[in-house]
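Trainee: In case you want the letters, here they are:
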Amino acid sequence: MTALYLILQLAWTFFVIGAFTIGGGYAMLSLIQNQVVVEHAWISESAFTDIVAVSQMTPGPIGINSATYVGYDVLFNATGSHFLGICGSLTATLSLMIPSFIIMLLIVRFYMKFRTSKLYSGTMAWLKPCVVGLIGAAALILIFRTTWTGMTPSVIVLSDNFPDWKSWCLLGGAFVAGYWGKVNPVYVILAGAVLGLLLY
Amino acid sequence: MEKKVSLWQIFAVFAKIGAFTIGGGYAMIPIIQAEMSKRGWISDDELPDIVALSQSAPGVMAVNISIFAGHKLRGVKGSIAATLGSITPSFLIILAIAMFFTAFKDNPWVERAFMGIRPVVISLILVPMVNMARKACRTWWAWVLAAVSLALVAFLNVSPIYIIVCVLVIGFSATWFKISRLRSK
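Taken in order, these protein sequences are the chains called A and B.
Reminder that position 130 of the first sequence reads as 130 in this note's numbering, one-by-one numbering, no gaps.
Reminder that position 154 of the second sequence reads as 154 in this note's numbering, one-by-one numbering, no gaps.
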C-alpha cells in the first residue's frame with residue numbers, strides 16, 4: 001500500500017515538474033530538487049548532488065536522467081525492493097514526459113504562427129531571466145540551507161557537500177575550467193573524482 | 001521521403017542519438033543534425049526552428065526535439081517511437097548505476113571520490129546559468145527579475161512552480177497590454 005501511494009505521488013510530482021519546466025534540463029533540476037529534497041524530503045541534499053553528478057556523466061538529457069534515478073531511489077529506499085525501484089524510475093520518467101508530449105503535439109499544429117507571435121516572444125522575455133534565477137537557486141540550495149525562526153534567517157553550509165576549504169577550491173576551479181576553459185563537464189567531474197581521492 | 005519510414009527504424013536511430021549524447025540537449029544537436037540530414041529526414045535549414053521551439057516548450061529539449069522529428073516522419077506514432085528511442089539507452093544506464101551504486105555507496109573509495117565530485121557538480125550548474133544570463137538578461141529589470149526569483153527560491157524556500165506561474169501570467173498580461181496599446185495608436 002505504501003508503495004502504491006508513493007508511485008502515485010511520484011507520478012503526480014513528475015507530471016507537474018514536466019509541465020512547469022521552461023528553459024531545459026538545468027531549470028528542471030531546480031524543480032526536481034524543490035519537490036524531492038525540500039517538499040517531500042525523499043532524498044537528502046548530498047544524495048541529490050550525487051544524482052546530478054551521475055546524470056551529467058551518463059548519456060541522455062540531465063533532467064530525464066535525474067528523474068529516472070530519483071524514481072528508483074525513492075521506491076528502493078522505502079521498500080528495499082529492486083523491482084519496485086524499477087517501477088518507480090519508469091513512473092517518474094514517463095510522467096515527466098507526458099506534458100511535453102501533449103504541448104509539443106499542439107505546437108506542431110500551429111508551428112509557424114506560434115514562432116512569429118509577438119505575444120509569445122514578449123512573454124518569453126519575462127520568463128527567461130526568471131529561469132536564470134531558478135537555476136542559480138538550484139546551485140545555491142546545494143551549498144547552504146536557510147531556515148527561518150520568525151523574521152531572523154539562519155544560513156547553514158551543508159557540510160556533506162562542503163566539508164572544508166578544499167571543497168571551495170574545487171568549486172572555484174571547476175567553474176574556471178567549465179566557463180573560461182570550456183572543458184567538457186564529463187572531464188570536469190572525472191577530475192573532481194581523482195582530486196577527491198587524492199585530497200581526502 | 002517517398003517510402004514510409006518504419007517505426008522501428010525511428011526508434012533505432014533515436015536510440016543511437018540518445019546513447020551518444022553526453023551533457024544534455026545542446027550536445028545532442030550536432031548528432032541529430034548528422035543523423036537526420038544523412039537520411040533526408042530533416043533539412044539543415046529546418047533544424048534551427050525545431051531547436052528554438054523545443055527549447056521554449058516545457059520539458060526537456062532533447063525529448064521535445066524527438067517528439068517534433070518523430071511527428072514529421074510518422075505522426076503521433078512516430079513521436080512515441082522517437083521519444084522512447086531517445087530515452088531508452090540512458091534509462092537502462094541510469095537504472096544499472098542506481099542499482100549498483102546502492103551497494104557501493106558506503107565504500108570509502110567511492111565516498112572520497114564523491115567528496116571531490118560534489119562541489120564540482122555545483123559549478124557545472126552555475127556555468128550554463130551564467131551563459132543563459134548573458135543572453136537573457138539584457139535590461140536592468142531582467143536582472144531584477146532573475147535576482148528576485150533566485151532569492152525567493154534560495155532564501156525563502158518558495159516553490160519554483162509558483163514563480164513560473166506568476167511570471168507567466170504577469171509577462172503575458174504585460175505583453176498583451178503593450179501590443180494593444182501599440183495597435184490603438
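Just so you know, these hints were derived from the structure itself, not from any lab.
The beta-carbon is built from N, C-alpha and C at its ideal position, and this holds for glycine as well.
Treat each hint with caution, since some may be false.
To be verified - Quick list of the computed label-pair ranges, beta carbon to beta carbon: (1) B/Pro108 <-> A/Leu106: 30 to 40 Å; (2) A/Trp165 <-> B/Arg181: 49 to 59 Å; (3) B/Asn157 <-> A/Tyr187: 28 to 38 Å; (4) B/Ile31 <-> A/Ser44: 33 to 43 Å; (5) A/Tyr179 <-> B/Phe172: 31 to 41 Å; (6) B/Asp106 <-> A/Lys166: 51 to 61 Å; (7) B/Leu182 <-> A/Phe83: 54 to 64 Å.
Trainee: Indicate, hint by hint, whether the structure satisfies it.
Mentor: Taking the hints in turn, this is what the structure says about them:
no.	hint	result
1	B/Pro108 <-> A/Leu106: 30 to 40 Å	violated (52 Å)
2	A/Trp165 <-> B/Arg181: 49 to 59 Å	holds (55 Å)
3	B/Asn157 <-> A/Tyr187: 28 to 38 Å	holds (34 Å)
4	B/Ile31 <-> A/Ser44: 33 to 43 Å	holds (35 Å)
5	A/Tyr179 <-> B/Phe172: 31 to 41 Å	holds (33 Å)
6	B/Asp106 <-> A/Lys166: 51 to 61 Å	violated (22 Å)
7	B/Leu182 <-> A/Phe83: 54 to 64 Å	holds (59 Å)
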